[in-house]
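Participant: Chain order of the listed sequences is A and B. Okay, so the first sequence: first residue is 1213 according to the working numbering, each after it adds one. Okay, so the second sequence: first residue is 18 according to the working numbering, each after it adds one.
It is possible that some hints are incorrect.
Unchecked claim - Straight-line alpha carbon distances no greater than 20 angstroms define the calculated SDA-like cross-link-like pairs of lysine to any residue that follow: (1) A:Lys1290 / A:Phe1331; (2) A:Lys1261 / A:Leu1215; (3) A:Lys1216 / B:Gly49; (4) A:Lys1290 / A:Val1314; (5) B:Lys428 / A:Leu1249; (6) B:Lys428 / B:Glu322; (7) A:Lys1321 / A:Gly1263; (8) A:Lys1294 / A:Asp1214; (9) A:Lys1216 / B:Leu186; (10) A:Lys1273 / B:Leu52; (11) A:Lys1261 / A:Ala1317; (12) A:Lys1216 / B:Ile352; (13) A:Lys1273 / B:Phe400; (14) A:Lys1261 / A:Asp1225; (15) A:Lys1273 / B:Cys392; (16) A:Lys1273 / B:Arg170; (17) A:Lys1273 / B:Gly383; (18) A:Lys1216 / B:Asn48; (19) B:Lys428 / B:Ala111; (20) B:Lys428 / A:Lys1294; (21) A:Lys1216 / B:Cys392; (22) A:Lys1290 / A:Arg1229; (23) B:Lys428 / A:Gly1291; (24) A:Lys1273 / B:Met397; (25) A:Lys1273 / A:His1246; (26) A:Lys1273 / B:Thr398; (27) B:Lys428 / A:Gly1263.
In case anyone wonders, no lab produced these hints; they're calculated from the structure. Computed from a predicted model, the values in this text were never measured in an experiment.
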Amino acid sequence: MDLKELYRDVILDHNRRPRNFGTLVPSDAHAEGHNPLCGDQLTVWLRMKDGAIEDIRFEGKGCAISTASASLMTEAVKGKDKAAVLALYGSIHALLTQQNAVPDASLGKLAALSGVREFPARVKCASLCWHTLGAALECSAALECSAALECSTATVTTE
Amino acid sequence: MSTIAPLAAPPPAFDAARVRRDFPILEQRVNGRPLVYLDSAASGQRPLPVLRAVEHYETRCHANVHRGVHALSQAATEAFEGARERVRRFINAASAREIVFVRGTTEAINLVAQSFGRARLASGDEILITALEHHANIVPWQMLCEQTGAALRVAPIDRRGELDLERFLELLSPRTRLVAVAHVSNALGTVLPVKQIADAAHARGAVVLIDGAQAIPHSRIDVRDLGCDFYAFSGHKLYAPTGIGVLYGREELLAAMPPWQGGGDMIRTVSFEKSTYNDLPWKFEAGTPNISGAVGLAAAMDYVEDLGLAAIAGHEQRLLELATAGLARIAGIRIIGTAARKASVLSFTMEGCHPHDLGTILDAEGVAIRTGHHCAMPVMTFFDIPATARASFGCYNTEEDVEALLAALAKAAEVFG
Ligand SMILES: Cc1ncc(COP(=O)(O)O)c(C=O)c1O
């Protein structure tokens, strides 16, 4: 177990200074994620344009892995449509859970999360924001309205 | 006065290094480091005498209890009922009929809620708990309130994690039918003045349940001295196996309570028209019990009494003081729970480092602590934190363990500094 692999500088930096942090007004959709085991809480706001994410913000309380993962995610998904987000999530999921997954180039800075797979108890911390984003996207697709709506709560249950 | 050894107990000769050798699990290395186990409040480890007692039972004595004339069944019954008598002595109950074997504290509290509470409580009645309870001493009462229309009242704590006794006494009213409080808080370490609480509750005619899950390994419990009506605890916090625990109940109350679960062992006669119930305590023990667990629990009681409960408590208090002083020297650490009287639990947060990250960093150093809400979410809400890191001490912990904790925390401060 190598702590330096887990807490890389990119992760520590995004934990200390999370990007796209705060609420988004107006927004098209938002969703709340909650990990009851460790108390991590996260809300993701979306503004969509032509089926793609125009802007995204998140807010919440969580550990370094969950905060940094959300921060990195918001940077990575801007401008992407749902299919592209899901594809990216597929790559992230493989990176987090498969021992020998080689980070593919499309991951960019998200590849910094590869150290998490050595720490199985922490995988859920890194994936909470992605589940929450998925719920917000579902919500935006289902409801064609411009007001921020109370949407689904993505509850990630761990262990 | 509660029965926990006072803070200033002179350290009796207590050889923790020798005690440690009784616990084979502690010999291993974790993540390349010697294991430093500081999570006994979640579950204690088992000493060799407990493992051997269980092994002896499983290899020489096992059969079902109470139902056979053959030799093994009799041996198993003797072992099981012998364990019950051992528990009776351990907590100084008046009779073995007052000792009900259950799975653990959680099941004991649910039993009281459903058997005692459901038959006796109605709309207009109140149940009084405190703000520092474990979920196991909250949720069963909420369920009971839903079923009966009774109301749950919660006595507040202060910023140190002490019960606000004045408010507690104000909340005690003639409507209070049941008072259920922790003896020791698992999230904060606070020792509650349970004897005083029991006296006050009895003066109002309320029945008193004490959640002793965290008190049982750190103090001599005398249920008659405490004057409680029910006392619940789990074997696994007392260096015994999981899946065995005890509900102590005053005989008069147990006798009047309806059975909780139905099945074998808890009946005297069964016909399709009507069944009659067994005597105490078997009325509350439907189905084949955890026999080897009970045997292990009895052995654990022998073990801690041999070490001396006061000596264990004194040793743990010294470790707690040492660790508390050490934590105070690390910048950014905030101790959660600073009551005047604490038992063996040290909850804290570190500025800029989430407890979950702390837990991972410490684990990499071989130091096992618990992080999270400790099944006490209302306590976390009260202190406005999502979680804490918690180190807790048992009879096998040493000063070196405390030093390893402090060194690992310094490392965490470095990573997140
Ligand atoms: C104060 C307290 N009450 C109740 C429980 C529940 O015990 P068990 O899970 O063994 O039933 C615990 C265990 O964590 C506890 O610390």
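Participant: Decide if the proposed pair is consistent with the structure: A:Lys1273 and B:Met397, CA atoms, cutoff 20 angstroms inclusive.
Facilitator: The hint holds at about 13 angstroms.
Participant: Would the hint linking B:Lys428 and B:Ala111 be met if the CA-CA limit is 20 angstroms?
Facilitator: Roughly 52 angstroms separates the two Cα atoms, so the pair is violated.
Participant: Given the hinted pair B:Lys428 and A:Lys1294, is their alpha-carbon gap at most 20 angstroms?
Facilitator: With a Cα-Cα distance of about 41 angstroms, the restraint between B:Lys428 and A:Lys1294 is violated, given a limit of 20 angstroms.
Participant: Is A:Lys1273 within 20 angstroms of A:His1246, Cα to Cα?
Facilitator: It holds: about 10 angstroms lies between the C-alpha atoms, which stays within 20 angstroms.
Participant: Does the alpha-carbon distance linking A:Lys1290 and A:Phe1331 stay inside the 20 angstroms limit?
Facilitator: Given that 20 angstroms is the threshold and the Cα spacing comes to 28 angstroms, the pair is violated.
Participant: Verify the proposed pairing of B:Lys428 with A:Gly1291, using a straight-line Cα cut of 20 angstroms.
Facilitator: Violated, because 40 angstroms separates the two Cα atoms, which is more than 20 angstroms.
Participant: Starting from A:Lys1261, check that the Cα of A:Ala1317 is at most 20 angstroms away, please.
Facilitator: Violated, because 26 angstroms separates the two Cα atoms, which is more than 20 angstroms.
Participant: Could you grab the alpha-carbon distance between B:Lys428 and A:Gly1263 and see if it respects the 20 angstroms cut-off?
Facilitator: Violated, because 46 angstroms separates the two Cα atoms, which is more than 20 angstroms.
Participant: Is A:Lys1216 within 20 angstroms of B:Cys392, Cα to Cα?
Facilitator: Between A:Lys1216 and B:Cys392 the Cα gap is close to 31 angstroms, so the pair fails against 20 angstroms, i.e. violated.
Participant: Given the hint that A:Lys1273 pairs with B:Thr398, test it: the Cα-Cα distance must not exceed 20 angstroms.
Facilitator: holds (13 angstroms)
Participant: A:Lys1216 and B:Gly49: Cα distance at most 20 angstroms?
Facilitator: holds (16 angstroms)
Participant: Would the hint linking A:Lys1321 and A:Gly1263 be met if the CA-CA limit is 20 angstroms?
Facilitator: violated (24 angstroms)
Violation of the numbered hints given earlier is confined to hints 1, 2, 4, 5, 6, 7, 8, 9, 10, 11, 12, 14, 16, 17, 19, 20, 21, 23, 27; the remaining hints are satisfied by the structure.
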